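All chains should be modelled from the sequences, with the hints used to inform the complete structure.
Heads up, the first sequence is in the working numbering, so the first residue is 852 and it goes up one at a time.
Bear in mind the hints are in silico, worked out from the structure with no lab data behind them. There may be inaccurate statements among the hints.
Below, a list of computed lysine to aspartate or glutamate pairs in the EDC-like style, where the Cα atoms sit at most 20 Å apart [what the hints assert, rightly or not]: (1) Lys1012 / Glu985; (2) Lys1195 / Asp1252; (3) Lys1201 / Glu1267; (4) Lys1012 / Glu1001; (5) Lys1328 / Asp1318.
Label-pair distances were calculated between CB atoms; the ranges are [said to hold, decoys possible]: (6) Gly1292 / Ser1177: 40 to 50 Å; (7) Lys1155 / Lys1222: 39 to 49 Å; (8) Pro875 / Asp1318: 53 to 63 Å; (9) Glu1147 / Arg1280: 16 to 26 Å; (10) Pro875 / Asp1069: 38 to 48 Å; (11) Glu976 / Glu1147: 12 to 22 Å; (12) Glu976 / Ser1321: 38 to 48 Å; (13) Ala1137 / Arg1280: 25 to 35 Å; (14) Asp1098 / Ala1259: 49 to 59 Å; (15) His1059 / His1154: 33 to 43 Å.
All values reported here derive from a predicted model rather than from experimental measurement. Built from N, CA and C at the ideal position, the CB exists for glycine as well.
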Amino acid sequence: MKSALYLYNTLTRKKELFEPLAPPFVGMYVCGPTVYSEAHLGHARPAVTFDVLYRYLMHLGYNVRYVRNITDVGHLENETDDTGEDKISRRARQEHLEPMEIVQKYMNSFHHAMEKLNTLPPSIEPRATGHIIEQQQLTEKLIGEGYAYEVNGSVYFDVEKYDGRHNYGILSGRVLEDMRANSRALEGQDEKRGQFDFALWKKAAPGHIMRWPSKWSDGFPGWHLECSVMSTKYLGETFDIHGGGMDLIFPHHECEIAQSTAAQGHQPVRYWVHNNMVTINGQKMARSLGNFITLEEMFSGSHKLLARAYSPMTIRFFMLQAQYRSTLDFSNEALLAASLGLQKLMNAEKTLAGLIPGGSSTADISGIAAKCHEAMSDDLNTPIAIAHLFDAVRIINLVNDGKEKLSAEDIRSLQELFRIFIHDLFGLRAEESAGNDRLEGVLKLLLDIRQEAKAKKEWAVSDRIRDRLSELGITVKDRKDGYDWEITA
RNA sequence: GGUCGGUUGGCCGAGUGGCUAGGCAUCGGUCUGCAAAACCGGGUACGGCGGUUCGAAUCCGCCACCGACCUCCA
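Now the structure itself:
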């Protein structure tokens, strides 16, 4: 039933059979957020993608160590020249807070959003500031190996030199020579020897709060360094999976490979896995375009582009309806479609729980589970797996209508299939009810009265309750044996 | 300009050389006091132009358009 997993490896640009270095253990490192602003839609894509990969690997029986970092220092606003300011520092200045207050504030916000999206917490969530010493050690090692040099208290990685012995561009497909030909050197007093060299250690300007002593200067580590250091520390010099958004392929992951390879003599990662980006109404999401939506805005509907609120599970399901390597376009129409589709799936699960076995089955459900697993094993093709689940949904509803029959055994295996896929792998859960108990009690009273009125054929009363509730944004759904209701506005 | 990816029915979104994605919407039906909800069912799309092939949305070429990265981004 459980098939071999194939993953698309950015390094080879092919789907490859996933074979861990040391089964049953799997090491997976995913680039987490730089915590300098609210968690947004773009953060949700890798979080959900790698959450599903994490869940699926565990489902396949692997013992997974999932490391996802928090970048809390070193990520510059503009890396190519020396004017670049650390994102955390900059935000701290803007908000009149300590840098560590900024980090804490937005890290909390990120965790809160991740919890709502029902992503499992990683095994280890290391922070760059907690690994300053290790980053200095790696910097020192790179200097010792001749791949890094110091200028005015800052240390840079020598890309030219590295490319001479290894291959800078192995991941992104870039060729240093072409890059040189296609970009003009920046004017000015750059202290770097080569224009593509990147910082391992930056000397802090006088007013810079985030600074640590080092043999070169009081300063802070470069952005790419933390991932090399922390992945090595917790997963070893070679580990199985490194994930992140496609936008990180260059330069971030390319630089990570360069650093680790220069230090170790061999590459650090066996499978590079990258999720694609999200777009809004067909456009890239960017602050400058005014279509930048945070997750909280998504959940509450408080953004001018949103026609209504979309629940965390709707967002999650929406993401799973696309394969992780495709761009995913957010629009009100698409999100609404996803929320209705999700409802249909969850309703069917409820129906399934109450299904009455009918001797022998007239519907054929064999093969559905295998197809779902096959889809997942084919580079996490969640949309295909979902499509197969909807085949099961149709059968469940037909059985519920008495048009087909399922044996007790088949019902049990469908229940298991739904439990595994909907909950264990897709991480979907029932939405928490937004109201409070007391109001729900009142609502129930009202709807009970309506039921009684209906029983007495007092249509004026029953319709009035229904219509007034509808005006208040509560839709009453009559069922054969009672009623249901839903907050729709 | 360079590198890479994409263009599928009203919308989103899979996919394979010949056979059906799936969801939403729409239409028809069942149910219902009416309606809603729920459920069932119908509709056969693949950017343009050539080529390969018995046969291509799927392979090749050219063109057009879109996007990503190259500069901060998940």
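Status of the hints after comparison with the structure:
Between Lys1012 and Glu985 the CA atoms are separated by roughly 23 Å; this puts the pair beyond 20 Å, and the hint is violated. Our distance criterion of 20 Å between C-alpha atoms is met by Lys1195 and Asp1252, whose separation comes to about 15 Å. A threshold of 20 Å between alpha carbons decides the hint, and for Lys1201 with Glu1267 the separation of about 13 Å falls inside it, so the pair holds. At most 20 Å may separate the alpha-carbon atoms for a hinted pair to count; Lys1012 and Glu1001 meet this at roughly 15 Å.
Between Lys1328 and Asp1318, the direct Cα distance comes to roughly 12 Å. Compliance with the 20 Å bound is thereby established for this hinted pair. The hinted window of 40 to 50 Å between Gly1292 and Ser1177 holds, with their beta carbons roughly 46 Å apart. Between Lys1155 and Lys1222 the beta carbon distance is about 42 Å. The supplied range of 39 to 49 Å therefore holds. The hinted window of 53 to 63 Å between Pro875 and Asp1318 holds, with their beta carbons roughly 60 Å apart.
Taken as a hint, the range 16 to 26 Å holds for the pair Glu1147 and Arg1280, whose Cβ atoms sit roughly 19 Å apart. Hint check: Pro875 to Asp1069, Cβ distance near 45 Å, so the stated range 38 to 48 Å holds. Between Glu976 and Glu1147 the C-beta distance comes to about 21 Å, which sits within the given range of 12 to 22 Å. About 46 Å separates the C-beta atoms of Glu976 and Ser1321, a value consistent with the hinted range of 38 to 48 Å.
Checked against the given bound of 25 to 35 Å, the beta carbons of Ala1137 and Arg1280, roughly 32 Å apart, stay inside it. Taking the beta carbon of each, Asp1098 and Ala1259 are about 50 Å apart, inside 49 to 59 Å as hinted. Distance hint check for His1059 and His1154: the Cβ-Cβ separation is about 34 Å, which falls inside the suggested range of 33 to 43 Å.
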